[in-house]
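Here are the chains, one letter per residue:
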Amino acid sequence: MSLAEELHYIGPALVLYVGAGIVLVADLASERRAPRWGLTLAVLVVALGWTFALAMDGDARGEALSGAVRVDQFSIFFAFLLVGATLAVALSARAWADSIEQGAEFYALMLTSVASMVLLAQANDLVAIFVALETTSISQFIMAGLARTDRSAEAGLKYLLTGAIAAAVLLYGFAFLFGLAGTTSLPGIAEYLATAPESARLPLLLAFVFIIGGFGYKMALAPFHAWVPDVYQGSPTVVASFLSVASKAAGFAVALRLFYTGLGGGDTFVAEDWAMFVAVLAGLSMVFGNTGAILQTNAKRLLGYSSIAQAGNVAVGFAAVAVGSTIGPSGVMFFLGTYAATNLGAFIAVHAVSERLGTEEIADYAGMVKRSPLLAGVLSLCLLSLTGIPPTAGFIAKVYVFNSAIQTGHDWLVILVAVAVANTAISAFYYLRWVRTIWLDEPADATRFAPSGAVQGVLFASAAGVLFLGFWPSPLINAARTAAETLSIL
Amino acid sequence: MLTTFLLIPLAGALMAAFLPAERERDAKWVALFFTSVAFAISVVVFVLFDTTAEGYQFVESFEWIKAGDAGFSIQYIVGVDGLSAPMVLLLGLLSVIAVLVSWNIDVKPKQYFAWLLFLETAVAGVFLSLDLVQFFLFWELELLPMFLLISQWGSGRKVYSATKFLIYTLAGSAFMLLGFLVLGFTAGTFNMAELAANPVADAFIPMGIVFWAITLAFLVKLPVVPFHTWLPDAHTDAPTAVSVMLAGVLLKMGGYGLLRISLSLMPEQAQEFKVILAAIAGFSVVWGAVITLRQTDLKRLVAYSSVSHMGYVLLGAAAMTDVGLSGAALQMFTHGTITGLLFVMVGAIYERTHTREIAKMSGLMHRIPLIGVVFVIAGLASLGLPSMSGFVAELTTFLGSLQAHPAATIAAIFGVVLSAGYILWTVQRIFHGPAAEEWAHLEDARAWPELVAMGALVVAIMAVGIYPPILTNAVESGIAPIAAIVGAVS
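Residue numbers (the working numbering), protein chains in the order written: chain A, 109 to 598; chain B, 8 to 497.
The following block holds chain A by itself, in its conformation from the complex (with noise of 0.2 Å):
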């Protein structure tokens, strides 16, 4: 493989890097403020662009840096998703990053927090995934910590104390998988789990405990999701929306790559095992998520809870995945787009009632409608579909994940299905209160107010988003099955 070919796969996560050098660059030299947003802007378009040029190139599957990287369709999957939704929240971030000293700082941490995900999404290799998931990590701990307020602090060093014992752990179970398998390549790992003996089970279940707990708490999976709600509420609200959607999918992307390629899918004789402890885990978190958030009077809080009940849904695909559902990878992808969509739209929502009232508290959005008809308007939408109501995304997609679950014909699936079904009438109570406060209550002050041009733009096109894969969603699960069928083929 030549050079250049190495290149033009690592392309995205490269530009990625490389831009947020240059915004870094721009910002020092230049002796009045550069033009930092536009810059982030253009190194994302860059980067989008790639990888659209990656996908088009019809057989894109290759390996870079010696085999640590492996680029297919489900790394460019998840390089969209991700890029993607980084865009989401630079564009909404602007006023903000303007309003702190270390705007620019932001950006480029945020584009290199992306850029390993991108990276993350592609790790073919246990040390690739470890550096991968570091860099994007520790770029996470400072931007929570980036408002200098109190909370701001506390939530970056919560996030980091909790973030390197996750990695430790990890890291514990990464070396009783090379301890066992003799290689860090995830098909190396694959070979060694084809033919290992009965007596490597104990051994084998205690690496996927550790490593599970590990990706556990960049997915916010209960037990591994204190942090949540406190990071959550005292990061900077772009932060928050940053950490929900795109961290959360490169926790999975990366989850189901090491599940698949590497632990050799629903094949091997422990599947059963890891599927089983998935399953509880997505029930915990569903039960913990649910019955969190109907207490909580902060929005991002709630939205914090929220999120991770929303990471036990998808868990329940990935466990349908770990027993050999044909879906069920595709099903946690969509179901992924979809959340992506949906909760941006609502962490943007947020952001822009903080930034133009300066309140995160429920009950100030009282008679939104009255007050920004959009926001108000696509706020609600995207509530509707956290909880899974027609015609809504979330609908299709809680179905869609459900029904990999179902097909697996597990009774104990059933059980957790029935589980996550009864977790949805509990949401239904906490998201559709705040739907009733938006639309029912009287203001306490019904001046109007508009959020910024870019921020309109966003929520625009998470609504529109929100409705076209609700009403038409076939596009994205043909992506999503395409790019689930190359995980498989190695």
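Simulated from the structure, these hints should not be mistaken for lab results. Hints are not guaranteed to be accurate.
Pairs of lysine-lysine residues, derived as DSS-like cross-links and limited to a Cα-Cα distance of at most 30 Å, are as follows [said to hold, decoys possible]:
(1) 367(B) x 171(B)
(2) 281(B) x 171(B)
(3) 171(B) x 478(A)
(4) 115(B) x 73(B)
(5) 115(B) x 478(A)
Once you have looked at the hints, place chain B on chain A.
Coordinates of chain B only, in the frame set by chain A:
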């Protein structure tokens, strides 16, 4: 043609919603036009419906979500048979009535009529869908307009009632989805006609659980005691038109689902649990009637009488014979027209007296004789007087169920006695007795929308009562295949 029926109200909803602000008073004309067109289509469908042919008619379909081999395909498929054709006719008629009785709405009329039309589309989808997932989609879709209509244009504790309605329905339907997915996966199709042709005998979880997961949602919607408490609240606080729709067609979704899905797709389980269903039915009828006797609020009284009368539907369904099932289907139609009319009359009285306290009214027959007469007609129909449609339905139900469930049927017949009691007693208290000076200023019904609404329903009730075959021919053709399916396993 059926797709047109589905889309016409939606088009009207969009048009009403986007009327220019200065023409908002014209929203009612838009609504009247579109509901009338839809009603005309439903009449055409009913007239052209061939009662001697087998299977579904007017079928239209296309592949909506295609993920073929993996087993996640959702079809858009609509069609009618002898069971759904009368329901569609009922929906078309009551939607026009609902618009007519909303003629004086002046709070946000654009939104009000838009949601009312949207509701028609959602309910139409439930009656027309021949695919389980599509059915579920429309079932959930109906929640949104109902919630908003009750909570925004209702009275009293409207938000509480709307939320209660929502939570009850959602909690019920969440498990319905689980059941659908199990059914669909075991059989490899979500198509109702195919599922009915080859009922799923054995799934990977006990079919009894699947049956109850699905049936519970219908029982909540019907509603039966003890899941009925949302109904009186929702009715009492809803605007008149919404009460008409709720009692007239929304409750029928429960009965329809029971016949179309619980009985047709899971005949073995239906037979197995029919005694439980009959017991619930008998209890509902009597308990509902006893509670009705104790009501002091006119609207609440009619609401509780619905609980009692919908018990007949379940009783007829539990009989699982040709005659019993026909009775259930007839009762659904006649209850829709009769209780619809009762709610129209309650609304008309309330509009004039501004109270629903039965104790405060007296001698109204002297002041508003026309309203009084029509109320008496509706009341007599409700208690099952021969020559009116209620008699036909109840008699058929009892004939069908007496042999299968003598105890429950006798209890239900006792319910008829009670219902004669509360109807006559109410008429006596409100319309007879001394003409109180307080009500001397009341004006009788003069406005044409009111007169048309009352007239149309009286004609419908009398027509079916005097010449039942206009309805029974269609109903029997729809019931025969269902009876054959459930009869085959006994």
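Results of checking the hints against the structure:
1. 367(B) x 171(B): Holds, at roughly 29 Å.
2. 281(B) x 171(B): 29 Å, holds
3. 171(B) x 478(A): Judged against 30 Å, a Cα distance of about 25 Å means the pair holds.
4. 115(B) x 73(B): Answer violated: residue 115(B) to residue 73(B) is near 41 Å, above 30 Å.
5. 115(B) x 478(A): OK: residue 115(B) and residue 478(A) at ~13 Å, within 30 Å.
Hint 4 from the list above is the single one not met by this structure.
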